[in-house]
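Work out the full structure, taking the sequences as your base and the hints as a guide.
full-length UniProt numbering puts the first residue of the sequence shown at 1, with every later residue one more than the last.
It should be emphasised that the hints constitute simulated quantities derived from the structure, not laboratory data. Remember, predicted model here, so these are calculated numbers, not experimental data. Be aware that a few hints might be false.
Once the Cα atoms are required to be at most 35 Å apart in a straight line, the calculated DSBU-like pairs of lysine-lysine come out as [to be verified]:
#1 K35 with K290
#2 K73 with K315
#3 K198 with K298
#4 K298 with K149
#5 K73 with K198
#6 K82 with K315
#7 K220 with K149
#8 K149 with K82
#9 K298 with K242
#10 K149 with K107
#11 K35 with K82
#12 K290 with K107
#13 K220 with K298
#14 K82 with K242
#15 K315 with K220
#16 K82 with K220
#17 K107 with K298
#18 K298 with K315
#19 K149 with K73
#20 K315 with K290
#21 K73 with K107
#22 K242 with K315
#23 K315 with K107
#24 K107 with K82
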Amino acid sequence: MTGFEIGCLAAAGALALAALGYAVYFLCSPMPVVKRLRRGPCEEPVELPGDAAALLARVTVQRDLVYPSDYGKNTLDLYLPKDAQAAPLVLWVHGGAFVAGDKNGVKNWGVTLAANGYAVAAINYEWAPEAPYPAPLFQIADALRFLTKYAAEGAPLDMGRLAFAGDSAGAHMAAQAVLLATNPAFSERLGIRLPIAKNALRCALLYCGPYDLERFFGIKNRVLRLFISRIGWSYFGRRDWKNAPLLDTVTVPRYVTRDFVPTYITDGNTFSFESHGRALGERLREAGVKTAERYFDKAQFGEVMHEYQLRLHEKNAQDCLADTLQFLAETMQ
Numbered sequence: 001m002t003g004f005e006i007g008c009l010a011a012a013g014a015l016a017l018a019a020l021g022y023a024v025y026f027l028c029s030p031m032p033v034v035k036r037l038r039r040g041p042c043e044e045p046v047e048l049p050g051d052a053a054a055l056l057a058r059v060t061v062q063r064d065l066v067y068p069s070d071y072g073k074n075t076l077d078l079y080l081p082k083d084a085q086a087a088p089l090v091l092w093v094h095g096g097a098f099v100a101g102d103k104n105g106v107k108n109w110g111v112t113l114a115a116n117g118y119a120v121a122a123i124n125y126e127w128a129p130e131a132p133y134p135a136p137l138f139q140i141a142d143a144l145r146f147l148t149k150y151a152a153e154g155a156p157l158d159m160g161r162l163a164f165a166g167d168s169a170g171a172h173m174a175a176q177a178v179l180l181a182t183n184p185a186f187s188e189r190l191g192i193r194l195p196i197a198k199n200a201l202r203c204a205l206l207y208c209g210p211y212d213l214e215r216f217f218g219i220k221n222r223v224l225r226l227f228i229s230r231i232g233w234s235y236f237g238r239r240d241w242k243n244a245p246l247l248d249t250v251t252v253p254r255y256v257t258r259d260f261v262p263t264y265i266t267d268g269n270t271f272s273f274e275s276h277g278r279a280l281g282e283r284l285r286e287a288g289v290k291t292a293e294r295y296f297d298k299a300q301f302g303e304v305m306h307e308y309q310l311r312l313h314e315k316n317a318q319d320c321l322a323d324t325l326q327f328l329a330e331t332m333q
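Right, dumping it as structure tokens:
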């Protein structure tokens, strides 16, 4: 055998070993999927409406404020109406499949809502699997604690008029935050109490979120099933996440009571969670909770994608924004 042939065999062997090693890594860890999500954009490109300059002129932004927390990524961006005395506050939780994403992905909504008179605190939180569930909910409480203190020190925030908002996975967390504020059994189950006054929370704004993670158990598509298994593994910190002790708490409708706050729900009709939104809306109405919703019939609107509301230069998102402003006007007074 020539030296060239020996070299080729050695290279082939090394490649085979590398492939085997990656296969083992893929089977034994959720991180290959997680790292892929973190490399690519988990949020839509940020777009402002056509009147972007006028909106920006009415807003002050305080970026990367640090809120004390036992977990990492504990920063938030605060969007404030210029010259506001005490603006009602929207706390926004970003999406990213629980393992990625950033508060910067919702800056267009932060600017737009602030230009319309609402303060917006867009929070970051430590991702799973480094900080598994329910770490993000503890961080929501941490952020609220910081904002309450910040308001007491003179920040123009009305902590007596709050809304919880979120997109994609963040919508799930925002809905759970409402449960923490309105269902003592849920709060006790997780051992988390939100530092807000009774009746301070006025409404919830939920965009393109999954609200019942147990629904994913029945997925037939093998690729999607593999993806979901890695997300569940990451979020719960265990491969057999379907047997996690707190699994029941990620099904939002299960814990809804009549005290759940008025809620706006919307979703696209393609590659998203429309059925989750509709099911949550139905459960809220059964409980007597004020609910407003926007969905899209494919025959009329065509395909409307996940996180459509972030494309504020498009009509569907602008209609969603109009819904949101109307809902806030009705509930935050």
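Hint check:
At most 35 Å may separate the alpha-carbon atoms for a hinted pair to count; K35 and K290 exceed this at roughly 40 Å. Of the supplied pair hints, the one linking K73 and K315 holds, its CA atoms being roughly 34 Å apart against a limit of 35 Å. The hinted pair formed by K198 and K298 fails the criterion: a straight-line CA distance of about 41 Å is larger than 35 Å. About 47 Å separates the Cα atoms of K298 and K149, which puts this hinted pair outside 35 Å; it is violated.
A C-alpha spacing of about 28 Å is found between K73 and K198, which places the hinted pair at or below 35 Å, so the restraint holds. This hinted pair checks out: K82 and K315 have alpha carbons roughly 27 Å apart, not beyond 35 Å. A hinted pair counts as satisfied when its Cα atoms are at most 35 Å apart, and K220 with K149 does not qualify at roughly 48 Å. Distance hint between K149 and K82 is fulfilled; the C-alpha atoms sit about 21 Å from each other, no more than 35 Å.
This hinted pair checks out: K298 and K242 have alpha carbons roughly 33 Å apart, not beyond 35 Å. Among the hinted pairs, K149 with K107 is consistent with the structure: their alpha-carbon atoms are about 23 Å apart, no more than 35 Å. Between K35 and K82 the CA atoms are separated by roughly 39 Å; this puts the pair beyond 35 Å, and the hint is violated. For the given pair, K290 sits about 28 Å from K107 by alpha-carbon distance, which is consistent with the 35 Å threshold.
Among the hinted pairs, K220 with K298 is consistent with the structure: their alpha-carbon atoms are about 23 Å apart, no more than 35 Å. Distance hint between K82 and K242 is unfulfilled; the C-alpha atoms sit about 47 Å from each other, more than 35 Å. Straight-line distance between C-alpha atoms of K315 and K220 comes to about 34 Å, which keeps the hinted pair within the 35 Å bound. Taken as a hint, the K82 and K220 pair is broken in the structure, with Cα atoms around 51 Å apart against an allowance of 35 Å.
At roughly 29 Å between alpha-carbon atoms, K107 and K298 fall within 35 Å of each other, so this suggested pair holds. A distance of roughly 15 Å separates the Cα atoms of K298 and K315; the hinted pair therefore holds under the 35 Å criterion. About 19 Å separates the Cα atoms of K149 and K73, which keeps this hinted pair within 35 Å; it holds. The hinted pair formed by K315 and K290 meets the criterion: a straight-line CA distance of about 25 Å does not exceed 35 Å.
Distance restraint check for K73 and K107: the Cα-Cα separation of roughly 17 Å lies within the 35 Å cut-off, and the hinted pair is therefore satisfied. With a C-alpha separation of about 39 Å, the suggested pair K242 and K315 falls outside the 35 Å cut-off, and the hint is violated. Annotation: proposed proximity of K315 to K107 holds, straight-line Cα distance about 19 Å (limit 35 Å). Taken as a hint, the K107 and K82 pair is honoured in the structure, with Cα atoms around 16 Å apart against an allowance of 35 Å.
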